[in-house]
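Residue numbers (my numbering): 5 to 438.
Everything labelled a hint here was simulated from the structure, so no lab data went into it. Values in this document were obtained by computation on a predicted structure and should not be read as measured data. Idealized CB from N, CA, C, for every residue including glycine.
Taking lysine-lysine and the DSSO-like style, the derived pairs with C-alpha atoms no more than 27 Å apart in a straight line are:
1) 420 <-> 112
2) 163 <-> 121
3) 433 <-> 420
4) 358 <-> 336
5) 433 <-> 121
6) 336 <-> 292
7) 241 <-> 194
8) 253 <-> 194
Ranges of calculated distance between the beta carbons of each label pair, as one might list FRET restraints:
9) 66 <-> 166: 52 to 60 Å
10) 257 <-> 191: 16 to 24 Å
11) 194 <-> 353: 39 to 47 Å
12) 231 <-> 336: 40 to 48 Å
13) 23 <-> 44: 23 to 31 Å
14) 126 <-> 83: 53 to 61 Å
15) 379 <-> 253: 29 to 37 Å
16) 240 <-> 81: 29 to 37 Å
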Amino acid sequence: MAVTNGRPGSASPNGRSRTERLLTFLGSVRFAIFLLSFIAATSILGTLIKQQASSEEYVSLFSEQGYAVIHIFGLDDVFHSWWFLLALVLFSLNLILCTVNRFTLFLKNRSSEALPKESYLSTLALTFFCQGTRLEEVQRLCRGYRAVLTSQQGVILEKGRFAQYGVFIIHTSILLILLGGLLGLMLGFKGSLNLPVGESADTITLRGGGEAARRSLDFSIRCVDFRVSFYENGQPKEFLSSLEVVENKRVVLKKDVRVNDPLTHRGISFYQATYGTDAAFEFVIGGKSVLLNEGGTFRQGSLALMVVRYAPSVHDFGPGVQVAYLDNGEPKAIWFLRDVPRLREQTIAGIPVKLERLTQQQYTGLEVTSDPGLWFVWCGFFLLMAGLYINFGFYHRRVYLIPRDNGVMVAGTSRKNREGFKREFERLKERIDA
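Produce the complete structure using the sequences and hints provided.
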């Protein structure tokens, strides 16, 4: 009867612990294929389903029940959902374990170089025998090859050793790209900022979050000037914003921002995205000057009013402003027309209200982004290009020289580009025979 020590279930029948089995599973090819399939499928869903839209838009597209399912599983923001980030982390862990295991085995094989048995070398497809030739002479004719093992039994020569590192460079580059992507998804943000000329702001509206989702900046951005030029057909040719970054009441950076030429400060980039005009309305209410924008409100005693909308032309009477107010608790609306004196000043709740002046205020529309993982992604892509170039542009090959009493046995092998190595090996044979 066999007797074993230790806790029950602490090791498998083959002697491996649970931790070892778990690490083997996490680093397996099967698990990698599952994760890649899951990431690809969910990415397709994230492309087909509109991301970060309003609940009303989802209900109109998929019904209330459909929106409930989408919201519960996070399909309205796939790429920021916890399960998508977890899949990326697990895939990164899988790639790390795979790379460590493979590199450890690679180093172990390099540190324990041994000459294969002659019986194995004689079975290789590329082999020949040099009659009456000394080993040193054959080794000298193997130009470009470096000796990695020299013994009385023979010599191992190799070329393109660095090509073996191509796959590890590729794995490292993918890890850098994944790290950059995770940092961007977890710590980065995208938003917008409409900034009137001459004004400054230190908060932005985050994309997909509505007006309530705002983010404060550690500095202020000021629009000094805005210019736009047009083609002859009226299409915008170029729009340019002159921006300043203000910290502690001091301008620390100035830049003219154009499309695809952003201002970047503290890792936050401001891109030129759009432009427009906002109307500002100066009212005199009860003898007091009040400046309101569209949607602005004013309350004084029994008077409560809100600017509903602005129209550049109201029934050909010129520009006007519609104002909503309460009359004994009942909502009403009235138009103030700038060019009609009788309708320019009216009485609301017993208080005279006059539209004093209409002004058009131009603003620049900026797209604001922050991606702390961007440099990791760029470095990863450059490293990936280098790894692919090494992996596919070069290949590792070996030549074995086995001395015999009447000559030297020459054998060669390569795991990649075997046709190319076959031609190289034939040229080597011709050189030695000559």
